[in-house]
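*Asks:* Chains U and W, in that order, give the protein sequences. The first sequence: position 64 = 64 (this note's numbering), numbered continuously. The second sequence: position 105 = 105 (this note's numbering), numbered continuously.
Think of the hints as simulated: they come from the structure by calculation, not from any bench. A few of these clues could be false.
As the list claims (entries may be wrong) - Quick list of in silico lysine-lysine cross-link-like pairs, DSBU-like style, CA-CA up to 35 Å: (1) W:20 to U:100; (2) U:100 to U:10; (3) W:31 to W:20; (4) W:20 to U:10; (5) W:105 to U:10; (6) W:31 to U:100.
Claimed, not checked - Reference excerpt, derived from the structure (chain W facing chain U, CB under 7 Å, subset only): (7) 80; (8) 82; (9) 90; (10) 124.
Please read these numbers as outputs of a predicted model, since none were measured by experiment. Note that CB positions come from ideal geometry on N, CA and C, so glycine has one too.
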Amino acid sequence: MNHEATHQQKPAFAHLVWWFLFAQGGVIAAILIPVHVLVQGILGPLGIVHVVDRHYDTWIQVLGNPIVKLYLLVLIALPFFHFAHRLRYLLVDFGVPAAKSLPAQVAFYGGAVVVTVVAIWVLLTTAPISFS
Amino acid sequence: MKAPPAGAEEQASANPRVYKPEMARGWWLAKRHYFLYMVREFTALPLALWLLWFLVEIQRASNGPKGYYPHSSPGFVVFSVIVLGFALYHSYTFLSLAGVIIHIKGVPARLIVLSQFALWLVASAVIAAVLIGFAR
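So here's chain U without its partners, still in its complex pose:
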């Protein structure tokens, strides 16, 4: 009799969740971040183009839009679940085996959760939600 068939395998749900967040965070970071860095980090401050975050009135109006809030949350929070994984293994690769330990996992993935919570708080408190 097939031993594996009778033995109930426990699905690795935690693994699935973290792996999914790692992959999605990587996609979001790859597709969305460069244009923000280019436009808001270089072209805007240098005055080459007018950018929405250069003036308070245009920036606060955009920040009030609930779709923008949701977009910024995805843009800022999701990549951190990708970064947490990569930086933890970067430490392992640099010869820090402690980065594999449970406390290190709590610190890195917990850090991503903290960033998510802070981002939600900032997005909800900075500009009141408006549909205009």
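Let chain U serve as the given structure and place chain W on it in line with the hints.
*Replies:* Same frame as chain U, but now just chain W:
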């Protein structure tokens, strides 16, 4: 090949042998491929710092029209130029992997990678249009 020193076998049976992978401190500098792998993993740090700094700018909008000021210093621009390099490297390496990760029957991997790069281009154009279009 070197012959094992005399008595090595005896020693081995006396103590349980544990495999300890040893990597030299600068192993990732030994080969270009290793180095680029570490650069790829490292991209996470500058990207994370830039996003956090961006979150600070968003938070500043709660200071009101008098208290708000966007990041404008030359230092920030230099930082952004460096981050952009890492960001592009992350995008290039990550989107190139799509052909390995996504499998669709009858669709060649090259086409899948191409579609990811096309998506990146379109998304970037749309976001740039919004960021610039809503400015004054």
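*Asks:* Close enough to count: is the Cβ of residue 90 (chain W) nearer than 7 Å to one in chain U?
*Replies:* Hint holds; residue 90 (chain W) Cβ to chain U Cβ min 6 Å, cut 7 Å.
*Asks:* Keeping to a limit of 35 Å between CA atoms, is the pair of residue 31 (chain W) and residue 100 (chain U) held or broken?
*Replies:* holds (25 Å)
*Asks:* Let's test the interface hint: is any C-beta of chain U closer than 7 Å to that of residue 124 (chain W)?
*Replies:* holds (4 Å)
*Asks:* Against the 35 Å threshold, does the CA-CA distance of residue 105 (chain W) and residue 10 (chain U) hold or violate the hint?
*Replies:* holds (30 Å)
*Asks:* Given residue 82 (chain W) as an interface hint, is the shortest Cβ-Cβ distance to chain U below 7 Å?
*Replies:* Violated - the Cβ of residue 82 (chain W) stays beyond 7 Å from chain U, reaching only about 10 Å at its closest.
*Asks:* Please check whether residue 80 (chain W) passes as an interface residue: C-beta within 7 Å of a C-beta belonging to chain U.
*Replies:* With Cβ-Cβ at 3 Å, under 7 Å, it holds.
*Asks:* Is residue 100 (chain U) within 35 Å of residue 10 (chain U), Cα to Cα?
*Replies:* holds (22 Å)
*Asks:* Just to be careful, I want the Cα atoms of residue 20 (chain W) and residue 10 (chain U) compared with a cutoff of 35 Å; is the pair within it?
*Replies:* holds (30 Å)
*Asks:* When you check the alpha-carbon spacing of residue 20 (chain W) and residue 100 (chain U), does it fall within 35 Å?
*Replies:* holds (15 Å)
*Asks:* Please verify whether residue 31 (chain W) and residue 20 (chain W) have alpha carbons no more than 35 Å apart.
*Replies:* This hinted pair holds, its Cα atoms lying about 22 Å apart.
Of the numbered hints listed earlier, the single one contradicted by the structure is hint 8.
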